[in-house]
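S.K.: If you read the sequences in order, they're chains A and B.
Quick note, my numbering runs 112 ahead of the 1-based positions in the first sequence.
Quick note, my numbering runs 179 ahead of the 1-based positions in the second sequence.
Check each hint, because a few of them may be wrong.
Unchecked claim - Simulated crosslink set (SDA-like; lysine to any residue; CA at most 20 angstroms straight-line):
#1 B/Lys223 / A/Leu158
#2 B/Lys223 / A/His152
#3 B/Lys302 / B/Arg188
#4 B/Lys237 / A/His152
What the hints assert, rightly or not - Derived, one-sided and incomplete: chain B residues facing chain A with beta-carbon distance under 7 angstroms:
#5 Glu200
#6 Ala201
#7 Gly246
#8 Met250
#9 Arg291
Said to hold, decoys possible - Partial chain A-side listing against chain B, Cβ under 10 angstroms, derived:
#10 Phe114
#11 Lys115
#12 Gly120
#13 Ile135
#14 Asp162
#15 Asp173
#16 Gly174
#17 Arg187
It is worth saying that the hints were derived from the structure and are not from the lab.
Even glycine gets a Cβ: it sits at the ideal position worked out from N, Cα and C.
Residues per chain, in single letters:
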Amino acid sequence: MFKWVGIGLGLLIFAVVIGLSVIAGGLRGAYGMVRYALPHMHRGTLRVGDDAPDASLLTLDGSSRFHIRERTGARPLVIVFGSYT
Amino acid sequence: MVQIYKDYRDHADFLTVYVREAHPTDEWQMKSNVKEDVCYAQPKTLEQRVEIANDFVKRFNYPTQFGIDDMSNAANDAYAAWPERVYIIDERGRIAYRGGMGPFNYHPEEARAWLAARYGEVKREASAAVPDKKK
Chain A
113 MFKWVGIGLG
123 LLIFAVVIGL
133 SVIAGGLRGA
143 YGMVRYALPH
153 MHRGTLRVGD
163 DAPDASLLTL
173 DGSSRFHIRE
183 RTGARPLVIV
193 FGSYT
Chain B
180 MVQIYKDYRD
190 HADFLTVYVR
200 EAHPTDEWQM
210 KSNVKEDVCY
220 AQPKTLEQRV
230 EIANDFVKRF
240 NYPTQFGIDD
250 MSNAANDAYA
260 AWPERVYIID
270 ERGRIAYRGG
280 MGPFNYHPEE
290 ARAWLAARYG
300 EVKREASAAV
310 PDKKK
């Protein structure tokens, strides 16, 4: 019994590793995805119709701050989140 | 996204928010980052975030308003933004469009569709100088 459970778990882990490797472009990528990406990926709870959260942001020149809420009201605001890499 | 900005900037405001790096050299670096010479370690200070954000804007002559998330990642956490995501906030301050989490569910054309439904299809001349890197 335990032997088959062990074999099943082994096969499952193997399949997960292979699947992640295919998605991430190799074993190293799979490790990177599990180690660095998955902990930061969240579906979030916001839904259409919810009040948009506010947050303080730094300006590009680093000299001052503004709030997302300050940029809303007059027209729709398209917010794009991302990074360089 | 740049083309959407150019097409609809007369109707909507656009804000790009720089959040923590997705593929820094000290974490999950991609081969494409090396090929494109986009190699940065994960910023440990706000000053480093400012520096990288400025590099990005200069390299691509990126046209939208820009904001940089705190090291506490407050904006990122509030919007579940990482690694990339698009939202539209309406005039009442409510979420009008919530995009999927990148990279697999990042579809800026859905934001375009939202804008087109409200303001009609707009298509200005495409810019060859600014690739659609900032997703």
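S.K.: Can you give the numbers of the hints that this structure goes against, from lowest to highest?
M.R.: Of the numbered hints given earlier, those the structure breaks are 1, 4, 8, 9, 10, 11, 12, listed in rising order.
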